[in-house]
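The chain contents come next:
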Amino acid sequence: GAVVSQHPSWVICKSGTSVKIECRSLDFQATTMFWYRQFPKQSLMLMATSNEGSKATYEQGVEKDKFLINHASLTLSTLTVTSAHPEDSSFYICSAARPGGGDEQFFGPGTRLTVL
Amino acid sequence: AQSVTQPDIHITVSEGASLELRCNYSYGATPYLFWYVQSPGQGLQLLLKYFSGDTLVQGIKGFEAEFKRSQSSFNLRKPSVHWSDAAEYFCAVRVIGNEKLTFGTGTRLTIIP
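Protein sequence lines, in the order shown, are assigned to chains A and B. The numbers in the working numbering rise by one with no breaks, and the one at position 101 of the first sequence is 101. The numbers in the working numbering rise by one with no breaks, and the one at position 62 of the second sequence is 62.
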């Protein structure tokens, strides 16, 4: 149990276009989902925390108008990278917290975004 | 400032040898402590966690970690590594009362035959 999926697993897009990444908790309802960004050979940096039905809370330095997060249901959160540029190329990872799950976050496999 | 440090960027170990990955933290109080493993194409998997109590924590896949308050450390150990243990390992901390995880920079583990 506690499986989190992401779609797509990789995406290539042209500069200036928008890309949507989905994060789903497959077998549990997630009240809170987290979005991370990971640069090559570096750590995961928390971008934002999203709670179902409310606005996401962004970390300092993360542009909320560029990285739109929607947590429309208890099993789905989406991250949209708007007007993507090459510097947005990265590995995006989501995680989900399960109510009563012992404070554990369950991580998706990640989405590799390449902006040309 | 609060931080998590993994001093070793890359470690190479022979299969069957013992392993210790280091993690140090700098926080005002003892945080919750975690070790995750990241394999290519897979999500981060929780190996073990420490909240309180016994300072020696047993995890999955034969891993264990010891919390040492005096050294602000939470080092990960395994007595005998397997080739399948090759991966990236992340130490993470969470302040009590806060959901956010702060990750260390990671240690890449290579296993040689």
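A few of these clues could be false.
Claimed, not checked - Listed below are the simulated PhoX-like cross-link pairs for lysine-lysine, each with C-alpha atoms no more than 25 angstroms apart in a straight line:
(1) B:Lys100 with B:Lys68
(2) B:Lys100 with A:Lys66
(3) B:Lys100 with A:Lys41
(4) B:Lys68 with B:Lys49
(5) A:Lys41 with A:Lys66
(6) A:Lys64 with B:Lys68
None of these hints come from the bench; they were simulated from the model.
Do the hints match the structure? See the list:
no., hint, verdict
1, B:Lys100 with B:Lys68, "holds (22 angstroms)"
2, B:Lys100 with A:Lys66, "holds (21 angstroms)"
3, B:Lys100 with A:Lys41, "holds (21 angstroms)"
4, B:Lys68 with B:Lys49, "holds (14 angstroms)"
5, A:Lys41 with A:Lys66, "holds (24 angstroms)"
6, A:Lys64 with B:Lys68, "violated (39 angstroms)"
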